[in-house]
Amino acid sequence: MMHLSVQHKALTMSSLVLAALVNPIYAMAQTIAQGTAGATPAVTPRVESFTAPTPVTSSTIIPTDTLPLPTVQNRLSFAENLQLRILQKLPSRLYFNSTVEVSGRYESNPFQFPKKESLIRQLPPPQTFRLLNAFQQAQIYDIIGLASNDDLVFRVLPNVTVGWTLTPHTRLYGNYFMIRDQLARNVRLNTVIHSIGMGLQQDIPITSRGNIQAEIQWRELYQLHQACVFDYLPGLTASYVLTPRTVLFANALLQLRGKRPFQAPTKEIDPFYTWGMLYQRNGWSFSASTTFVQNFRHPFRRNATIPVNNYSFISDFEISRRVIKQLPGLQAFIRAEPIWNFHSGNRPGLSGMDFRFFWGLRMAMAKPALTSALEQLRQQLEEQEGEPPAPNNQKKEPAKPSAYVPGAHELIASSPQPIHGFLNDDGSELTSLDAANEKQPTALIPKAPKTTENPDNLSDASSIDGKPTALAVSSTAAGSGIVDGDEIIPVSLQQ
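In case it helps, this note's numbering puts the sequence shown at residues 904 to 1398.
What the hints contain is simulated information worked out from the structure, not anything from laboratory work.
There's no promise every hint is true.
What the hints assert, rightly or not - Straight-line Cα separation of at most 20 Å, SDA-like style, residue types lysine to any residue; simulated pairs:
no.	residue 1	residue 2
1	1019	1047
2	1162	1216
3	1019	1089
4	1162	1101
5	1162	1130
6	1162	1126
7	1018	1101
Construct the entire structure; sequences and hints are all you get.
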């Protein structure tokens, strides 16, 4: 009789373990029912660790996938976009950019589970685990096997933004994007998300190289097999144009999430802190950024989708390259994205380390805004570095017409030249030339006028003392020349 009682208690404990792994809520209900019946289940601390967790619905979408972070915005702003001539027919204050990203990726831990060792340490003692039948043990092994269960994922991401420039520094816009993830093996994680939102941006120029952008966005997310949520997204971004090809940025963004429009926050509050840089050269683009995320859900308790707080570090390193020179909007890219989850008590779905490696193509088409503060800073800096300023003591020459003919005083050399020496005082031909100069052709030009009524006006060599002077072409043994009256002035020129 004693043996049957011990075996009954062991089976009861084993059923609790299995139910806790598969459905923790059912395990808690069974425990309460036994307590009301007067039974005292033999529960160890290890078993209680399984009954505590709340079930987490896993997804392949991480927080940074659905936010307007500066990494993505700068990547689109400074990348080469396809700008069709027909787009210029649109109103000058209207702007838009659209991208379509098709990628494949390898993901090391798509379920965001902790390490297998931490799950195995929570199992009950071996003498209890042996009492489970083969089917129950297989179920437990399958759940533990979800940790570090790597997979391949195919993603399609179209993103469209249309805006209107209210003032040179203020813009109102609307945004839509869709994310579809298709897994090769773990099809239960297939995800489709649609986002529809509007926002307002205000640029605040700080220095000749720096800019601060304040932004507020409100949007609604529709996710497959989950309830839709509404978010307020106020943010502040600081950008600094280090060189025309290099941009540094930092961002602080707050996500206020609720169940319905204009009721947030009622589910969670998530601050995001992002910093990074972008470099572009000869069709190549390099970007690196890191985002620190804090998810505060526990204060909202049952209203939260997952009433568990957790923190994450998400890094992003991308290299992209223009594929076809005649089609600047088409880029091939590779991207590495390590993710570190912590501060969640090893809760499955919010724990462990995940590594993503993307490869794919991105097509971008845009009509630039009327004024874009950050882009203007970059262009101005590029012009300054490309054209050094002229010295202050250099006099600005007057503008000359395209058909300008120089006067005689601008053609006669006033100092020794590499090919010939000084001219004689009377302007006649030099008496001695070296062997190299003898082989050079000789060109004759008119001599500068000596006296004029207006000595400052020497631009016209055909007018001396207010009278026109005839210039004729003469041919001599030395070569052809221009005759100024009765005098021919030879000058040797280098070919």
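Status of the hints after comparison with the structure:
1. 1019 / 1047: Given that 20 Å is the threshold and the Cα spacing comes to 6 Å, the pair holds.
2. 1162 / 1216: violated, 26 Å
3. 1019 / 1089: holds, 18 Å
4. 1162 / 1101: Holds. Residue 1162 to residue 1101 sits at ~18 Å (cutoff 20 Å).
5. 1162 / 1130: Distance of about 8 Å is within 20 Å: holds.
6. 1162 / 1126: Distance of about 13 Å is within 20 Å: holds.
7. 1018 / 1101: Roughly 40 Å separates the two Cα atoms, so the pair is violated.
Violated hints for the displayed structure, listed by number in ascending order: 2 and 7.
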